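Asker: The primary structure of each chain is shown beneath.
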Amino acid sequence: MSIGVFVPGASALHRLPPGLKLAGLAVYAVAVSLTDNAYVMAALLAVLGAAWAISGIGMARLLAALKPLVWILAALFVFQLAVSGVRPAMDMLLTVGAVVVAAALVSHTTRTDDMLAALKTAFGVFAPLGVNAQSCAFAVVFTIRLVPFVATVGREAIAARMARGASGNPLPAVVPVIIRLMRETDQLAEGLVARGFGRA
Amino acid sequence: MTILIDNVSVRFGDVSVLEGLSLDLRERRIGIIGNNGSGKSTLARLLNGLVLPSAGRVVVEAFDTRTHGADVRKLVGFVFQNADAQIVMPTVAEDVAFGPKAHGLAPQDVAARTEKVLAQFNLAALKDRACFNLSGGEKQSLALAGVLALDPRWVVFDEPTTMLDRKRAKTAMNAITALPQHVIVVTHHVELLEGFERVIVLEAGKVVCDASPREAIAHYLDTYI
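In the order they appear, the protein sequences are chains A and B. Letter by letter, the first sequence follows residues 1 to 200 in this note's numbering. Letter by letter, the second sequence follows residues 1 to 225 in this note's numbering.
By construction, these hints were calculated from the structure, which means they are not laboratory data. Nothing here was measured: the structure is a model prediction, and the numbers come from that model. Do not take every clue at face value.
What the hints assert, rightly or not - Dumping the calculated DSBU-like pairs for lysine-lysine here, alpha-carbon to alpha-carbon at most 30 Å:
id : chain 1 : residue 1 : chain 2 : residue 2
1  : A       : K67       : B       : K74
2  : A       : K120      : B       : K74
3  : B       : K116      : B       : K167
Stated by the list, open to error - Covered stretches of chain A (chain B as the covering partner; in silico rule of three or more C-beta atoms under 8 Å from a C-beta of chain B):
id : segment
4  : 47-53
5  : 172-178
We put the CB at the ideal spot given by N, CA and C, even for glycine.
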């Protein structure tokens with residue numbers, strides 16, 4: 001999975017200010033989540049496709065961004081289909097897929113340092129309320145850093161179940177995945193402290 | 001250059017992990033061995049303030065780990081058994097630069113150190129590569145590069161060869177022993193401590209032998225294996 005990794009380039013998207021890209025991502029996510037008009041959704045998807053093409057990042061990375069989501073999207077789609085019907089299930093599928101691809105696009109065209117600086121400025125608005133802008137910015141970046149890792153842990157948990165004769169159904173693997181992620185994030189936190197982040 | 005461990009005990013809840021430990025570490029190559037649960041990883045974590053003593057104190061070149069954690073971590077780098085645990089940024093160059101930035105170095109110093117360390121570990125060609133796509137060996141190199149970018153005086157390795165085959169373990173140990181820094185290695189692979197100046201054997205949270213490698217390893221193998 002390639003989300004969260006900057007891909008060097010000189011496209012217009014690469015040159016846009018990081019704050020603008022993050023704000024655009026937020027607006028885009030809200031727009032695809034709220035719209036219930038098929039034409040508007042099609043237009044939003046077309047905008048995303050055009051932006052991806054402009055970035056020059058290539059189709060291989062687009063597929064790489066979507067590939068690990070297949071199981072999760074499939075499970076959510078089946079659940080929505082059973083509970084709410086075809087249209088809501090399709091809406092969910094397109095919404096989640098579009099937001100993930102848009103987030104991947106922003107992360108591919110923005111250096112981590114630039115993203116940190118933009119986030120720090122954004123969270124700085126809440127500094128009078130006692131919010132530590134730097135910690136919040138790092139939390140967002142580390143969350144992105146963990147996305148590929150979470151996908152790997154999920155795949156390993158499903159594979160481990162299948163190796164012991166279970167089906168490939170991902171839902172029973174959720175608990176072991178969460179437990180392992182908690183342990184791994186503890187280790188990552190220790191790694192952060194060891195390298196000078198946080199604790200005085 | 002010394003690390004002083006002064007009558008240190010560590011407890012996690014009701015469990016005593018280290019008990020009344022006193023050591024004066026000043027040699028350039030020190031090994032720490034012991035069975036699982038003997039407290040050796042906790043001892044390693046005491047040295048750069050990842051674990052704080054429940055009683056007693058740890059002092060690294062005049063800095064107490066309890067009151068000067070940030071200063072201690074500049075002096076003592078820590079390399080984890082699992083490289084993934086300390087790779088915190090998405091790409092190789094960003095990860096190497098993380099430590100110097102976290103310690104507040106000027107941007108030009110961060111860039112210079114990053115470039116130097118990437119070249120030193122043959123990682124320059126991979127600088128824009130996603131860390132999670134690296135091979136196991138490359139991740140280990142990156143983990144060490146990230147620590148050395150801080151230019152520490154001491155480097156503590158927590159079981160650096162446990163996940164490696166014998167050939168890679170030997171290669172890793174050769175790289176470790178070639179470092180100019182003071183090195184402290186926690187390991188099960190006692191044969192890799194050949195050439196070290198001092199080996200400490202832990203059992204049940206206490207030092208049971210503190211001697212030359214030959215003597216300490218013989219004691220460990222005769223008594224506990």
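Asker: Are the hints correct? Go through all of them and say.
Answerer: Here is how each hint holds up against the structure:
| no. | hint | result |
| --- | --- | --- |
| 1 | A:K67 x B:K74 | violated, 41 Å |
| 2 | A:K120 x B:K74 | holds, 25 Å |
| 3 | B:K116 x B:K167 | holds, 27 Å |
| 4 | 47-53 | violated (count 0) |
| 5 | 172-178 | violated (count 0) |
When held up to the earlier numbered hints, the structure conflicts with 1, 4, 5 and fits the remainder.
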